[in-house]
Amino acid sequence: MQVTLQTLIGGLALGAIYALVALGFSLVYRTMGLVNFAHGQVVMVGAFTASTFYLTVKLPFGIAIAVAVVVTGLLGLIIERVLRPLEGRDFDLMLIGTIGFGVMLEALAIIVWGATGRAVRSPINTAPLDIGGLKIRTYSVVVLAVAAAATLALVAFLQRTKLGSAMQAVAMDPEAATAVGIHVGRSNAIAFAIGAGLAALAGGLAGPLLYVNASLGGSLGIKGFAAAILGGFGNIQGAIIGGLAIGVIDSFAAGRFEGYSELVVFVVFTVLIMVRPTGIFGERTVNRA
Amino acid sequence: MSRSARLRIAGAAAVVALLYGLPYAVDPYQIHVVDVTILFALLAVGLGLAMGIAGQINLAQIAFFGIGAYTVAILTTQHGWGFWAAGVAAVVASLLFGLVVGFPALRVQSHYLGIVTLGLALAFTSWVTNAKMTFGAEGIPGIPVPPFLFDLSGGYLYYYLEIVVFALGLGFALFVVHTRLGRRMKAMRDDSIAASAVGVNVPVLRLLAFGIASVYGGVAGVLYAGLIRYVAPDSFTPATMFLLLAMVIIGGRQSILGCVVGAVVLSLIREWLIDFSTYAQLGYGAVVVLAVVFAPTGLAGIPRRIAALRRGRPAERATLRPVDLGGRLARDDRRRPPALEVRGISKHFRGLKALQDVTLTAGAARIKGIVGPNGSGKTTLLNVISGLYTPTSGSFALDGEDVTSSTATALSQRGVARTFQNLRLFTELTVRQNVLVALDRSSMWASAAYVVRPQAVVRAERRLRARADEILVEFGIAEYADERPAALPYGIQRRVELARAVAADPALLLLDEPAAGLNGQEVGQLREIVRGICDSGVTVVLVEHNMGLVMSLCDEVTVLSGGRVIADGTPAEVVADPEVIEAYLGDVSQLADLVPDTVAIAEAERADAVRGDQAEELL
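Residue numbers (this note's numbering), protein chains in the order written: chain A, 1 to 289; chain B, 1 to 619.
Source of the hints: derived by calculation from the structure; they are not laboratory data.
Every value quoted in this text rests on a predicted model; they were computed, and no experiment measured them.
We treat Cβ as the ideally placed atom computed from N, Cα and C, and that holds for glycine.
Honestly, I wouldn't trust all of these hints.
As the list claims (entries may be wrong) - Coverage of chain A stretches by chain B, computed from C-beta distances (three or more under 8 Å per stretch; other residues unrestricted):
#, segment
1, 80 to 89
2, 100 to 113
3, 219 to 229
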């Protein structure tokens, strides 16, 4: 029981990271119907950038992450701008284009930061919290809190601000949105930038939990993506639940199957998709067929 | 012998001579590079078939390759199997894994399929790096030299084995692409709904696409094991998968030869930049991005793009010829037209009740009109009858036989054909190929002939082509046979879709607003066509807003409003029904427009026809 709870809590912290990655995927998908296969690599660039500003430039952890968010936000704008000619024309080509960006970003990261990678020390050095015999890393609690705050901020942005509402309108009907004077291209660009910013937040927070190297993007990306699909692609609450679920599955699989944990996660995920392709909460798609 | 045929033979002879002589011109290291390049080309051909031709995103090709190589390694080094016996088992193992990977394609497509296939490929990598049987990251050394007529331990003679296998693989792929199986795959890629409506068995075809891709992967894996005689997880990572993907995209995924060119070019560039592999990766990532934005058809598509620029759009020289359905009417081997009975059909989309308890019948070899305001459920009803939607309740029958639970494909094979309101033509196929897809009524089992009796496929192909050309002439669109539909004016595209529906040799033809967007002259021609089709013994259901056409053409008319039947009877009865006037027209003063004034219609069409002729002369 003790071990189970301990594993569960470890899984939740990792799951919060996956949830943030999934949130970025979902935001871009619901706005423009595109799956950004480079998202994982953007997370990785965010993790490296944050670690550089934290470890080398010696900025405070939070500010280092904020810098990383700005850097990847710009990166998102660039990706969106380059692929914009394909918007609404050929999803498969756009998808392959984002894979191309992912390959480029990974190569760039190796050129800039080297192939070996780095460990990031935790910004919080207090002793683990002890609740009824359960040892909980303080940093895990911080990660969960930041993820929750980011989600609430995103929901508030989408529902309460004019810009957010405009993005929702584009998601529902780009032509009608254009007709009422919303700039669809700009809305997509903002979605991409926010998605990439969330990626940097996820990457920066993942730094102290995981080893940061160029292949981090691949594994975080695919698990975040699995989380997004599991919750129902494009669905904000689904991304959160899906992320936490993948984190917990991952954490239990790592305990029970050790090296085979990835295999187990992907097989379980494939079976779930076969059973329920639209995820737990149903897909929020942009139907532009 | 014609000049082009002579040139082609000379070209082929030159290629053979070049490939034969290649080993004499390169050093041992270079021949090794060539050997690896050929394997990548073989993998790219398989990936091109699945992704470019069948439209199935497949990021597991590298795992098929790995399964092939690892199976050989395990069976030869640990179980004492001979190399070729292990090779056969390896291809079978790859095929089985390919079908497992392809299975999700029955439920999900596009990005979902991308992630599922990538996930399963990663699961494979995870297995080989962890299992005892595969010796983890260390890999399996000591795979024996494949025994053969000549010594295969060196790269030079191995080259000849590879090039022969590759030529066979390439030849088979080209054979598939240019005959009915490939055509069906392309149709499925362009529009899977329209494909199933013309009788293509989409689920089986998707599995088959993955099956074929995995066989190519497995064969390449066996050859890899024999060439390197050592396998390790590093060779089968996602990075290699993306390189393979780049080969296919840069070469041109919709062209098998393009995939080969892409594989050769990228393999050589990778070799050339082997000391700068990170920069090479950056470079090919960038080229993939540039390719999808500026040259989506890859290197292979460049000649066609140049040709299209020089030729100009056919739309500027298009006119629609009249139809001549004489050939069809004379045929006496037709099926008996069925009577359609729809009994109490309801279709709900969550809260929305699109159809509520709709009951109607269409008599054999009669034309049934279905009219109603927008959103009254007409298209939903056609989608139910053609098997695209499963009704929430109720049933429908053809000649008394309940076919409610039949799929679109099964209904098509029973003789139900349809057109779509918003035109669903196969955009990357020519007009002739669009017709050919529907004309081909062979079952998926007949695809076995590709392996067992290829000559039968060629003969059937010739027969189908001749028949397709007849249909194109009958429908007056023969001159556009080699054009892509998107390049043609709207009226001609409509005609093509109608020809495609008729090519399926229907007993029941469902037309969804066939007159939408047509001018007066074209509507007149449409009337003749539909009348001719019905007279040749086909039951027709016509959904249409053009009341003049409905009133003058239909034997009976059903009026839908808000998903319910509000009137049913002859055109004259329906028009007089007060409820129809209320729901459909709202204003009695417009009623006069509905009663067909045949003289006026004929005059208007004649005037249009004269104008059309004059326009043609001016051109």
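Legend entry - Coverage claim, chain B over the segment 219 to 229 of chain A, checked by counting residues with Cβ within 8 Å (three needed): holds (count 4)
Inset, instruction - Count the residues of the segment 80 to 89 of chain A whose CB lies closer than 8 Å to any CB of chain B, then report whether that count reaches three. - result: Our answer is that it holds, as 4 residues pass the Cβ test (under 8 Å) against chain B, meeting three.
Inset, instruction - Between the segment 100 to 113 of chain A and chain B, see if three or more residues pass the 8 Å beta-carbon test, and mark the coverage as holds or violated. - result: holds (count 11)
Consistency note: the structure conflicts with none of the earlier hints.
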